[in-house]
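There are 2 protein chains.
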Amino acid sequence: MNMRFLDACWGKPVDRTPVWLMRQAGRYLPEYMAVRSKCTFLELCKTPELAAEVSIQPVDILGVDAAIMFSDILTPVEPMGMKLDFVPGPVFENPIRSMADVEKLRIPQMEQDVPYVLETIKILRRELAGKVPLIGFGGAPFTLACYMVEGKGSKDFAQIKRMMYAAPEVYAALMEKITTMSMEYLNAQITAGAQCIQIFDTWGGILSPVDYERYVLPYTTRLINGLNRMETPVIHFVKGSGAMLDSVQKAGGDVMGLDWHVNLGAARDLLGPKMAVQGNLDPTTLYAPQNIIEREVKRVLDENAGRPGHIFNLGHGILPTVSPDNAKFMVECVHRLSQK
Amino acid sequence: MNMRFLDACWGKPVDRTPVWLMRQAGRYLPEYMAVRSKCTFLELCKTPELAAEVSIQPVDILGVDAAIMFSDILTPVEPMGMKLDFVPGPVFENPIRSMADVEKLRIPQMEQDVPYVLETIKILRRELAGKVPLIGFGGAPFTLACYMVEGKGSKDFAQIKRMMYAAPEVYAALMEKITTMSMEYLNAQITAGAQCIQIFDTWGGILSPVDYERYVLPYTTRLINGLNRMETPVIHFVKGSGAMLDSVQKAGGDVMGLDWHVNLGAARDLLGPKMAVQGNLDPTTLYAPQNIIEREVKRVLDENAGRPGHIFNLGHGILPTVSPDNAKFMVECVHRLSQK
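Chains A and B supply the protein sequences, listed in that same order.
Each residue of the first sequence is one higher than the last, beginning at 1 in our numbering.
Each residue of the second sequence is one higher than the last, beginning at 1 in our numbering.
Careful: at least some of the hints might be erroneous.
Which copy is meant is left open, because identical chains are indistinguishable; a pair holds if it fits in one copy or across any two.
Unchecked claim - Below, simulated DSS-like cross-link-like pairs (lysine-lysine); rule was C-alpha separation at most 30 angstroms, straight line:
1. K12 with K46
2. K83 with K155
3. K298 with K155
4. K155 with K328
5. K274 with K104
Just so you know, the hints here were simulated from the structure itself, not pulled from any lab data.
With the rest of the complex left out, here is chain A (with noise of 0.2 angstroms):
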C-alpha cells in the first residue's frame, strides 16, 4: 500500500512528495467520457459500480496517490427535502428562503438516503487494497447553504448576503442544520471506509475576512470538531482565501488546501510546522509546453524548500479541455523532482 499520500496529511516525511488532481476522475479523461456517456452526471453519482470505475482511472491513468470517490457536494442535499437538477450547472427548484423553508428541511438517513456514496466508498476500498488511500469528500456548510439559498450558481450571491444581513435568525438556523448533515454524511463515509476526508469551501472565499469569521468560520469549526478524525486526517480547501488564511486555520483541521494565488512557502511561514498544505500549481499551467510544466512544478516544490506535510496538488480543479498526456506528465514530474 502506497502511504505516501496519508503520511504527508499527519506532516510525516516522505520518500516523494504525493500527489493527486482535484477533479481527477472528470471531463478530460476520454475513459471517464466513454463510461458518461451512459448516462447523466446524478446517475453517474448514483451508481456505485460506474461511480467507483471513474474514480479509479486516475490512479491507473496518471499514477497519482489517492484516489477520491467520484460524486458531487450537493448529493446529501437532495435527501434533505430538495429536488436537484444538473443543466449542466445545478439548479435546485425550490431554493431556500424563508424560515418556514428552513423547517421543512430534514437530516438524511445516510444508510437509507444516500447508500450509494458509501456503497461506492465499499467497493473502491475493495479495489484499492494494496494500491493507494480513498479519499472522501463533502461541501462546506457555507458552500452549500450558497446553492440551497440562490438555486444555482451565482455572481454575487445577493440571495444568500441578503438573508446573512437582513434576516440571521434564518441563515443561522440554516447552516446549524446543514451543519448538523455534513457531519453525519462525512461521519457515515468514515465509517463506510473514507480515509481521508476532504471540505471543500468554494465559496467561503467570495466573503469579507471579517465576515468570513462571523458567518462561516463557527460552522465550519463545529463540523471539523465533529468528525471521526483520529485516524483519518481532513483537508480543509477554502478557494479565494489566500489573504485570510489566518482566519481559515482557526476552523482547524490537518491540512490546508491552497489555491494557487498564494505563494506556498510564505503560505506554510504563517500557517506553521503544524499545518499540513495541499496544493497549489496553476491549473492553467497544463495548457503549457512540457518544460514550462516541469519548471512550474519544481517551482511550487522549492517553495516548499523540502519540508514534511506537502501533498502537491492543482491550485483548483483540472480544467476539462487539458490533455491527459500533461497531467501524467505533471505526476512524473512530481514523483521524479521530489524524490529523496
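Given chain A's structure and the hints, the job is docking chain B onto it.
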C-alpha cells in the same frame, strides 16, 4: 472645490474621508437607465454630452467626492483595429492569436480616434468646476490583453495562458503594443483635464504571484512610469490580488485599490505609510439593512484607524440591483463617521 479626494490620494490629512463608488455611473440609478434607454452602451460611451451627463449624476444624487468619466476600458482597443460589440458582455469578433495578428494592430491617434473620450473629459471639467475632481481611467495592459486574446469574457483564460506559456514572444509583443497605447491614451486624458487616473486590472488576480511578476508587472510598471504624474495621482486596482499586494506594489502608483478580501488595516501595515489606499467595503453590503451598512462602514474606517491617505470605496463595482438609497446612505455614513 472639494479637494478631499485629491488630498487623500497624495496622502494629505483631510476633514472627512472622501468616498466614491466604482461604477457609480451605472445601472442601479434610474436616472442612468433613462439616458441609457435612448441608445446602446457604445453609443453612450461615444456621445460626450450623454457620457458627461451620466458621469455627473452620482455626484448630485449620492454626494460623492469625485466623478469618474463614463466610458469602457475597451474603448481605445477598437481603433487599434479590433471590432468591438457588447452582447451585453464585450466581444471582439477577431481575437488576437498570432504574431501576424499583433503586427496588424495600430496605435491610435488619440485626438482623431477617441475624440469623444477627450471631449467628455473637457465637458466634465467645465461642468464640475467648483464641485469635485474628475477621475479618468483605463484598463491595465494584461486585462486588455485578456479580452483581446480570449475575444470575450472567460472562465479559465485558456487562450491567453496558452499564448503566455507556449508563445511568449507573441505575448510580449502584444503586451508592449498595448502598454504603449495605454500610456498615450491615459496621458491624453490627463492633457484633456483628468485630475487622477485609475488603472483597472480586473484580471491580474487570476495569476499566481510568480506569474504576475513575470507576465504582468513589467508592463504595468512601464505604463505607470510613463504617465505624466506630477500633478495627477494614479490609483492602481488589481482585483483579487489580496495575497500578492507586495508584488502589485512594485508597479508604483500613488494609491492601491483594495478589494474586500483583505483587511484594510493589515494591507496598510504591509504597504507602508507612503502608499494611500482605496476601498474596500464588500459591494453586497449594500443589500443589507441600513444598520448593518453603518456598522460595516464604521468597521472599514476603524481598520484604517485615522491614517491619512484613505479613499473610501467599495471593493469592486456597485452591483446593478442595489438600491440607490442604500448607496446614498453609505456615502452619508462615511462622511458622518469620519468627521474630524
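Verification of the hints:
In this assembly of identical chains, K12 and K46 lie within 30 angstroms of each other by CA distance neither inside one copy nor across copies; the values are 36 angstroms within and 63 angstroms between. In this homomeric assembly, K83 and K155 come within 30 angstroms of each other (Cα to Cα) both inside a single copy, at 22 angstroms, and across copies, at 27 angstroms. Taking the closest pair of Cα atoms, K298 and K155 come within 30 angstroms of each other only across two copies (26 angstroms); inside a single copy the shortest separation is 35 angstroms, beyond that limit. In the homo-oligomer, the alpha carbons of K155 and K328 lie at most 30 angstroms apart only across protomers (24 angstroms), although the nearest pairing inside one protomer, at 33 angstroms, exceeds that limit.
Proximity of K274 to K104 under the C-alpha cut-off of 30 angstroms is found in neither arrangement, the shortest distances being 41 angstroms within a copy and 55 angstroms between copies.
In terms of the numbered hints stated before, the structure departs from hints 1, 5, listed from lowest to highest.
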